[in-house]
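Colleague: Chain by chain, the residues run as shown.
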Amino acid sequence: MGVTLENVTKRFRSPDGEISAVVAVDDVSLEIRDGEMVTLLGPSGCGKTTTLRIIAGFEMPDAGRVLISGKDVTDRPPNKRDTAMVFQSYAIFPHLSVFENVAFGLRLRKAAQAEVDERVSRMLDLVGLSDMARRSPDQLSGGQQQRVALARAIVNKPAVLLFDEPLSNLDAKLREQMRLEIRRIQQTLGITSVYVTHDQAEAMSLSDRIVIMNQGSIAQAGTPSEIYNRPIDRFVAEFVGRANFVDATVVGGAEGGMVIDVHGRMAQIPNTRCQYPEGTRVELVVRPETVKLFRSDSRCASPMCFTGRVTRVVYMGSVAEYDIDVDGTSLLAVVASPAEHGLFNVGEEVQVGFAVNVAHPLVVR
Amino acid sequence: MKVTSRLWRQTVRLSKEPALLSSIIVIFALLAVFIVYPIVMVAVRSFSSTDAPGLGVYSKLMSSSYVRRSLYNSLTMGAASAAISCAVGFLFAYTVTRTDVPLKGFLNFMAIVPIVSPPFLGAVSVLLLFGANGLITSKLFGIYNYPIYGFRGLLFAQVVTFFPVAYLTLKGVLESISPTLEDAAMDLGASRLEVFSKVTLPLALPGIASALLVIFIESLADFGNPLILAGSDFPTLSVQAYLQITGMYDLPGGAALSVVLLIPSVTAFVVQKYWVDKRKYVTVTGKPTSTAIKSVSKPVKWVLFGVCMGVVGVVLLFYGVIVAGSFARLWGIDPSFSMKNYQYVLGVGREAIRDTLAIAALSTPISGLLGMAIAFLVVRKSFPGKRAMDFISMLSFALPGTVVGIGYILAFNRKPFLLTGTLAILVLNFVFRYFPVGIQAGVATLRQVDPSIEEAAANLGADSPTTFRKITLPLMAPAFFSALVFAFVRAMTAISAAIFLVSADWNLMTVQILNQVNSGRLGAAAAFSVILVGVIVVAMALIRLVVDKALGIRYQARF
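Those protein sequence lines, which keep their order, are chains A and B.
Each residue of the first sequence is one higher than the one before, counting from 1 in the numbering used here.
Each residue of the second sequence is one higher than the one before, counting from 366 in the numbering used here.
Check each hint, because a few of them may be wrong.
Across the chosen pairs, the derived CB separations fall in these ranges [unchecked claim]: (1) Asp-199/A / Ala-753/B: 38 to 48 Å; (2) Asn-7/A / Ala-726/B: 51 to 61 Å; (3) Met-316/A / Pro-467/B: 54 to 64 Å.
Hints were generated in silico from the structure; no laboratory data involved.
From the three backbone atoms N, C-alpha and C, an ideal C-beta is built for every residue, glycine too.
Chain A on its own, in the form it takes in the complex (with noise of 0.2 Å):
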């Protein structure tokens, strides 16, 4: 019951007619297998919503196949594709009832009354609206409305479920709440789900993989923990978390792994991250929380040390962010719980290290 897209191309029409030079999808292709939850994340503008829409039907691509569950549906309109959409906007239908907005794909199928009424109040239950049913759209919160769509779109059973960034006009706390009860749902009921979002929490704390995408082509796709780990390129890195980037070369092999030379200190890097030749100028992508501070006076507990001066504190609470200035180079440190650590104050000279082995290392184009 996956979803395939084979070499899937789509470009825009200005108003005029005229084909636009952007191209909205760059021959994309992408396995999503039975009961995998898979992210499409990306900036705005990268192809993810067109490439949710040409899987839902809604768009036509100018090249390439869609796939459903082993079958060409490229030609075949959204209505009889087996997929089931949560918009952005919701989409209930305001004329109707809570129930018969979720009872409105089984009416269309001429389900029996006794169907229609025992599978809409278990959806309803699902998704706790149970007391809703008879109300209209318009006395519902955000909240309630988006479970409104979520229980009209899989009380159709359908092949594959798809969310067009379901969650980005709700507030904070409510989004880290439906997050959880999606994601629930979900593995519930094993459905095979596309989640398109820009919100790259979203798509880790959700996803059993995600695609990430930009300017039409799919530039990553692997689980939450690859993505971060081991970006394949800086805009990966940069646009899951934030990155340090410190430049190294490649000194020489050693047994299990290959030397790098950063800044005059050696490390070794273990072979599975990956392995370059020698004289390769590399990258190395730091994440912030690696990042560590020492006193000036006290003993650097890292592998790889420099001395640098704080030029700028954020306090956050759980944590606080630093900018160091190492000879000319700015680096960002997030450090958790400052209060149990002090506090350091901009102008104070520190010591910086960071751990080299979970550093992943890109190739310098």
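Given the coordinates of chain A, work out where chain B should sit on it, guided by the hints.
Modeller: Below, chain B without anything else, positioned relative to chain A:
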């Protein structure tokens, strides 16, 4: 290569939705037969004059000073009528939307009333007020032969008839100008006059231009008022085309005059649709802004109120005099109360009343549904020829009734479309003449409905017709209602095209009223008009009931 594959896929996609594809084809066929074909016939026929074939008929026409005067009169009347109607309409709209005068509901109501009456009622009123035995001229001032026929009388009647159109358009325009912009200007130090002249007026300008052109088109097409009021000293194109055919049996000449009338109308329409409309500003977005009711100072407010009440007074006078006239034994001579006009009308006019109702009842729902369907296709679907569909269907609004009437006689008097003298020709004529307003209302409403609501329906398995029936149409209920009301009112009050199409079997109240006026029985015409307006008011209430019942909020979606 990519393009062909895209076109190919668009076609493949359409072929998978046979209902959608066939409705597009059917609509195109209908537009071709009932809008384009009759107009083409008019042009073709105008070249077939026996004594001056080809373009000869035009040079012959233009050499006649009478025709040249008709053209000049029609154009100047159109311009004057548009300017004054818009000025009055703007004043009303500004007062209602930007001030806190009392009786706003009443002002609004009185400004809309003339829309639901036959378009030539103004002319009848003018005769009752200023004619030979007129209330004002002869009774008040003792003038017995005031020259009300001609430019002045016609302009007066047209302004009363058309200013409501300007009012409705400009009210919408002013409501769409966010009051926060005016607040901002004032906050930056502009005086009230500067706010008006530097912010409000410039923003309203495209809307005003649009209203001017619309009324110009309506004035050119106006047939009833000039027929009654213009007299032989003030010929206009629409009346001359009619007289050429019915009086002189000169079909090519009438057709040629129609073409001459068509040119300024269609030009104004194209300018309005493709130039002015693109320049409209939209400054109200999403959140409703509270109206700042402080745009004018107190004295200005009361002056505006006074002027509006003056106009309301004229409207009341126009309608009052019709009612009074309908109950008077003999207007201007014997004012005693009498029902004889009604007895007479119900005697000779019973069939016309029945026919008119049947024709209106048949054409209204077809016209409304067709309008909504075209609005849906134009806004929501993409298919080859979409722009042509939009243009042709809106064009029929700009075609003067006289031209359409002549076109219908020419087009449908022989096989395969032998319709002359039937009920069908009248119904079809009304359907295709009055659906553009439905399309406009439908398009405006649909543009405000989030497309994902319909996508959700498709996504849940509804095909295009089901989505249209179950989701789109209910959401368009307000537009659908106004389309139905408009189509009904127009079907009840139409005259210009219909006068060519009525027959002994199928006659219309408006044509009967005109006959009464022409034979000098103003009282009977007034009584007929009162009945007509009464029927319209009852029907509007009925339509509201039916639309609410059928499309209003339901908690059970039936399939």
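Colleague: Give a verdict on every hint.
Modeller: Taking the hints in turn, this is what the structure says about them:
1. Asp-199/A / Ala-753/B: 38 to 48 Å: holds (44 Å)
2. Asn-7/A / Ala-726/B: 51 to 61 Å: Holds, at about 57 Å.
3. Met-316/A / Pro-467/B: 54 to 64 Å: Because 58 Å falls inside the window, the suggested range holds.
In this structure, none of the earlier numbered hints is contradicted; all agree with it.
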